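Novice: Here the sequence shown stands for residues -18 to 171, where the numbers follow the numbering used here.
Keep in mind the hints are simulated off the structure, nothing from the lab. Keep in mind the model is a prediction, meaning the values are calculated, not measured. For every residue, glycine included, the Cβ atom is placed at its ideal position computed from N, Cα and C. Possibly wrong hints are sitting among the right ones.
[Unchecked claim] Quick list of simulated restraints, FRET-style, between CB atoms: (1) E112 - N73: 24 to 30 Å; (2) R139 - M63: 26 to 32 Å; (3) D(-7) - R67: 17 to 23 Å; (4) Q81 - E55: 16 to 22 Å; (5) V(-8) - S13: 37 to 43 Å; (6) P11 - D(-9): 39 to 45 Å; (7) A165 - E102: 32 to 38 Å; (8) K82 - D(-9): 27 to 33 Å; (9) D18 - R67: 18 to 24 Å; (10) P11 - L(-13): 38 to 44 Å.
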Amino acid sequence: MVYDFLTLDDVDLTGKTVFLRADINSPLDPNSKRILDATRIQAVIPTVRSLKDTKLIIGAHQSRPGKYDFTSLESHSKVLQMYLERPVKYTNDIVGEEAQKEIKALKKGDVLVLNNVRMMEEENKKAPVEELRDTELVQTLSKYVDYFVNDAFAAAHRSQASLVGLSNVVPMLAGRLMEQELRALNRVLN
-18 MVYDFLTLDD
-8 VDLTGKTVFL
2 RADINSPLDP
12 NSKRILDATR
22 IQAVIPTVRS
32 LKDTKLIIGA
42 HQSRPGKYDF
52 TSLESHSKVL
62 QMYLERPVKY
72 TNDIVGEEAQ
82 KEIKALKKGD
92 VLVLNNVRMM
102 EEENKKAPVE
112 ELRDTELVQT
122 LSKYVDYFVN
132 DAFAAAHRSQ
142 ASLVGLSNVV
152 PMLAGRLMEQ
162 ELRALNRVLN
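Let the hints inform the model, and build the full structure from the sequences given.
Specialist: Have a look at this one:
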């Protein structure tokens, strides 16, 4: 069984606004909340570099509500900036006025990391795709986004607004990590 999917190589994304759903969930020190292992952040670098000519919005999660490591993505954005060796903007918002202002101001080559998407209650509820399409996150981001790039393979099984809701409204492409994992899965299944 072979699965077909579109990749970053199939579409000219130059100047487009792209929402990248990444999995940069990282182990944190329980006391300082410092990132202990940046492996997942490093894993998304090839995708981010491939999207260098876009207006890039990154959405991701860190843990779950109620857990000690449930926190904002501000430190993740700083680590991402260090690995990319170029500026990465961060907003402590997801789809509110501040986030929308930052998204509207993006220029080609800019990278903006949104706050932890799981800080939105709707991201944590289990719901059918039809309901997820109608969430504030999907309805707001879809006004600005030309393409959805999924690079969150480890979270791809979750029925959440940032993973399946947006992909039902905006054209979806596989990021470099997702592409690598899907090709490996195809090899195993064939």
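Novice: Kindly indicate which numbered hints from before are broken by the structure, ordering the numbers from low to high.
Specialist: Hints that this structure does not satisfy do not exist here, as all of them hold.
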